[in-house]
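These are the residues of each chain, in order.
2 protein chains.
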Amino acid sequence: MGRRSLPVEELFEHARAGDRAALARLLSLIERGGDDARTIGRLASPLGGHAYTIGFTGSPGAGKSTLTSATIGHLRGQGLEVAVLAIDPSSPYTGGAILGDRVRMQEHATDPGVFIRSMATRGHLGGLSLTAPEAIRLLDAVGREWVLIETVGVGQVEVEIAGKADTTVVVVNPGWGDAVQANKAGLMEIADIFVINKADRAGAAQTRTDLEQMLDLSELADESWRPPIVSTVATAGEGVPDLWDAVLAHRESIIGNGVLAERREARLRDELRAIVARRLEQRARDICGGAQWDDMQADVLHGRLDPWAAADRLLETVRA
Amino acid sequence: MGRRSLPVEELFEHARAGDRAALARLLSLIERGGDDARTIGRLASPLGGHAYTIGFTGSPGAGKSTLTSATIGHLRGQGLEVAVLAIDPSSPYTGGAILGDRVRMQEHATDPGVFIRSMATRGHLGGLSLTAPEAIRLLDAVGREWVLIETVGVGQVEVEIAGKADTTVVVVNPGWGDAVQANKAGLMEIADIFVINKADRAGAAQTRTDLEQMLDLSELADESWRPPIVSTVATAGEGVPDLWDAVLAHRESIIGNGVLAERREARLRDELRAIVARRLEQRARDICGGAQWDDMQADVLHGRLDPWAAADRLLETVRA
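Chains as they are written, first to last, in numbering that gives the first Met the number 0: chain Y, 0 to 319; chain G, 0 to 319.
Mixed in with the good hints, there may be bad ones.
As the list makes no split between identical chains, a pair holds if one copy fits it or if it spans any two.
[Said to hold, decoys possible] Only pairs whose alpha carbons sit at most 25 Å apart, straight line, appear in this in silico SDA-like list of lysine to any residue:
#1 Lys183 with Ala203
#2 Lys183 with Ala248
#3 Lys183 with Gly33
#4 Lys183 with Gly47
#5 Lys183 with His49
#6 Lys183 with Gly162
#7 Lys183 with Gly152
#8 Lys183 with Ser58
#9 Lys183 with Ser230
#10 Lys183 with Leu46
If you're looking for bench data, these hints aren't it; they were derived computationally from the structure.
Using the sequences plus the hints, can you model the full thing?
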């Protein structure tokens, strides 16, 4: 019997024992959704809470992949294992590709201490917002302690997912207006750490000034933490140890003052709320194709019933 | 007893008899939503089907208000009565203002044959998409035969509402790229007629060529109607009779080939679907604040239940 046809429970045990192919298969099942995904959630839920997630976000071309790759290298140098989830809403289908087009990370492809996975939308709107937390819960449950979440761009879904990491790193480049663009994309609110990558280029000092000014004008989400600004040249690995020190300092701060626990609770509440909304959307689609639909529609078209009254009657016929 | 405290049924009868203040009051009740709005829908629904709606949309500054005002003047010259619904999602509150900031239309303010009304969102997302059809249904029920719908800009909601008129007029200006911008805003798909307003300015011929080329490349929603392009200088009233002739020609075409009936059916179906979705959203909010919510949330936070299972249990406790 091939691995593809193993029951989910067995795949889960294999993944817990360190089987990377089983883990990849489970992530594919989460992306696909449905009963198998629900089983995985049920198995993973009681086992989590140990992983620490770090989000990397910023405009395309800012060097996030290179920085993520350099961070992986730094962690591996300290003997730590790493999982990377690359969030790519623009790609219609990842097909279980382990690396996708993330060429920069190829250097870690054969390292058994590194697990890299791309996730795309698979067609349904808002899909990634719901599947990313499930994927993180699974990585947590199978014992991955450090999970890096990298977004391809700064789309709404990507910013939302990166912003829900325990520590969120916002990557900008030197040059006029990049800090302002980051502000417009909603990145000021979610940043725990700023990175000025490609800091050997002209304008790095100005970008730092811009960021400091915007921080002066912003209301900090966590008053005891003003996001530090780290300069890096990710292609040369420069500044990466500083970035990691900043991540650890932030981690210590939010563990100490209870913000980490608050954030994780808020995240689970948001997730539960989003799932309730999704379930009701599905129900709405069922109603709008169901047996009563044609009758009610005809009543509305002929003015026998106004649309609101028709909607109420349709909703009476079903349980949510 | 003042008019404000008249029962809805009486207000409705007054409005049917031509009382403009009663009509304005009913539109305010529709904007406010709730039981009174539902009563108005129930009263209006059987009486409709006679009004013809014409949407005017295009970028801010294209001259839509001036063109709408000139069109009103043209129709009044023919002894026709007109109602105008100005859709303004950016304004948080219209407060029953009859003209709002639509200075251009002031000239018609004292004309008893013209009824002008601004509608804004009143805070809830998607509100205008649901209230605009109700407002149109009411104007229809009280005997307004020509209803002009003007949008302030080309936001998603505005394009959606204007695109659901019987005839949709898309207004562009001469100048490089305006036709391309219209295409990007999704206006090509909804246009039944294009107007190049301010056609006395440089670049009008090029804009016409751009539009023709885009039409050549587009798939027409109604194969028997290629949207004509009308040139106007609305401030001087130039081209307005041509625009009105184009509207009447389009009207004749879609009455003749059944497209009007199809569009109106599709519109009612969409509205019913949107109301079902809205009702379920309300239900989702109720669930996420209800008695069971705290228990389920605690179970999720402590890993006793995964979020999907918790959502299912919450949904079992209520009827949609």
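Structure-based check of each hint:
Taking the closest pair of Cα atoms, lysine 183 and alanine 203 come within 25 Å of each other only inside a single copy of the chain (19 Å); across copies the shortest separation is 35 Å, beyond that limit. Proximity of lysine 183 to alanine 248 under the C-alpha cut-off of 25 Å is found in neither arrangement, the shortest distances being 27 Å within a copy and 45 Å between copies. In the homo-oligomer, the alpha carbons of lysine 183 and glycine 33 never lie at most 25 Å apart, since the shortest distance is 36 Å inside one protomer and 36 Å across protomers. Proximity of lysine 183 and glycine 47 under a CA criterion of 25 Å is satisfied in neither setting, with 34 Å inside one chain copy and 45 Å between copies.
Within a single copy, lysine 183 and histidine 49 get their C-alpha atoms no closer than 34 Å, and across copies no closer than 46 Å, so neither meets the 25 Å cut-off. Only within a single protomer do lysine 183 and glycine 162 lie at most 25 Å apart by alpha-carbon distance; the minimum there is 15 Å, versus 30 Å between protomers. Taking identical chains as interchangeable, the C-alpha atoms of lysine 183 and glycine 152 lie at most 25 Å apart whether they share a chain (14 Å) or sit on different chains (21 Å). In this assembly of identical chains, the alpha carbons of lysine 183 and serine 58 lie at most 25 Å apart whether taken from the same copy (11 Å) or from different copies (22 Å).
Taking CA atoms no more than 25 Å apart as the test, lysine 183 paired with serine 230 passes inside one copy only; the shortest distance there is 21 Å, against 38 Å between copies. Taking CA atoms no more than 25 Å apart as the test, lysine 183 paired with leucine 46 passes in neither setting, with 38 Å inside one copy and 48 Å between copies.
Of the numbered hints given earlier, the model fails hints 2, 3, 4, 5, 10; all others are met.
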